[in-house]
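Residue numbers (my numbering), protein chains in the order written: chain A, 1 to 454; chain B, 1 to 122.
Honestly, I wouldn't trust all of these hints.
[To be verified] Chain A regions said to be covered by chain B (calculated; three or more residues, Cβ under 8 Å):
| id | region |
| --- | --- |
| 1 | 184-194 |
| 2 | 248-255 |
| 3 | 306-316 |
Please keep in mind that the hints were generated in silico from the structure rather than gathered at the bench. Just so you know, these numbers come straight off a predicted model, no measurement behind them. Where is the CB? At the ideal position from N, CA and C, for every residue including glycine.
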Amino acid sequence: MQMKTNVIRYGMVATTGLLCLAQPGQVRAEVSDADFNALKAAVQQLSDQVQSLRQTNAIEAQTHQADLQQIQDLRSKLAETQQTAADAEQKSTAVAQIQSQPPPRAPIDEATVNHNFQILGDAEFQYQKVDGQSGGFLLADFAPIFLYRGGDNILFEAGFDTTIQNGGTAPVNSGYGTTFNLSFAQLDYVVNDYVTFCAGELLLPLGTYSQRGAGWLNKIPDDPLAVDELIPGTGVGAELQGAVPLGETGQFVNYAVYGVNGPSSSDGTGNAASLDLGGNVGLRSDGAVASLNGKPSGGARVGYFVPFKPHYDLEVGVSGMAGEWDNAVDSHIWSAGVFDAALHLGPNFEAKGEFILSRYGSDDQGEVTQQGWYAQAGYKLAGLNLELPGINNMELIGRYDSVHDGLNPSVQRYTAGFVYYITNTLLFEGDYEFLHTQDPSQTDALILQISYGF
Amino acid sequence: MKQIKFTGLLAGLGGVFAAALITGLAWIPAHADPPTAGVAQTNNVAATTPAVAPLAAPAVRHHLTGAELYSIHCNRCHPERYPTERTAAQWKTIMLHMQVRANIPVQQSRLILKYLQDNSGR
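Bound conformation, chain A alone (with noise of 0.2 Å):
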């Protein structure tokens, strides 16, 4: 604007100019040469520069459009700019979104897979030779454990066990005898925290072995003789387990309470050497197999637990189970009571035992008294942090055991022996066993297996 009034200003006075030059008629005066070429000159400087400024207006003009063309095309690409703002913000949220969500699952074909299966378990291919005899091969055990959960609380579990051994008793003529055993077979329901029930044939909780004695995780083969003699490791029953936290430190009280069919006479009668610690189902004299009594045993265990921490903790327990064994007019009782202590002090120390003792009453013998125990203490030799071939992939074992059935002489056994973990889960083990007994046909023996546990 303020350029326009120029150029209306400057062209005001060159028509003023003009136009005084138009009238020399009526007004005479003597116009020098030289003034005259002095207003021409400023006549034509006034036209340049009348020309100038249009000229210099029609360049700003142009400029001016050029901006307006610049700031259009600058606003253009801040709304495309904001889209894309926009639209990345929207794929951000989407993505954001499908993140918080788990993945698609790949469908599973219910027909031919259930994750809710599963097998573990066992196997053992032993070698024993013993003092006075020819060694051999002695057996060849698989023992699987099929588990199948049925929900979050309900599982049922299943343990066989099929062996195959040397010098068995069927079939007749042959050098082999198999069998083909139910270790254990129940339900277990977790009412709550702190109640599971079991039914079936259960793991008797006497002490811990039994309920965790499976073959590779026995560092010796064999078990121990008051385990195998004086209390029973299964019952057809029903019972209460479960376990209280003390604290947040990893401690708890654990209990056991059951009911099972308990010990029974293997013939009907009270005699003392009757006595079947499997069950109360077997042969009655009139030759019928049926329960030999109808009052079923009752048992409980309480264990304390306490980790100092991982790798050092101390177990204890108490645990002890009673009732009728035989179906005689005057019945006898049979009970059992076990102490049982684990301790692991590192990650290479282990020593655990227990002590049994068993009383039941009898037609012929009266009174029979049982007692036995054993402890034993392995030690990985990892410990030592030797540099030697293969030296950190053994453990050394030793085991000391005795038993007094009431019965029989007494027998004292001591055990050498290691496991060289091939695997975490393969195992080679070795021990040789020292007996003292006045029992004749127990000798010492050495015993090397092969363990696998899957």
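Using the hints, position chain B against chain A.
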């Protein structure tokens, strides 16, 4: 004979007392403690949080982690099994079996399961 019958009576009384105690415990509702976040309650193994709980000295923290409880309990009976040996769903079945077999607290079993599932093979 009298001593044996007395032993049986004692065992019976002990059984009655224990049964009363257990009956009381049985009335406690399931999951008295809120389930730990990230622990799979179903077969939906993808719901677990993929985080490895590192071992730390309990002296500075009173809450044991699943990794610590795994080190405490599993090695008591057998050589430790690697979490990668089984899938998350398999560990759930196996841990229920081990919880019953070793009679360990359900709360601790959950933490061990979470550790195993977080580091499982698939």
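Earlier hints that do not hold, by number: When the structure is compared with the hints, none of them turns out to be violated.
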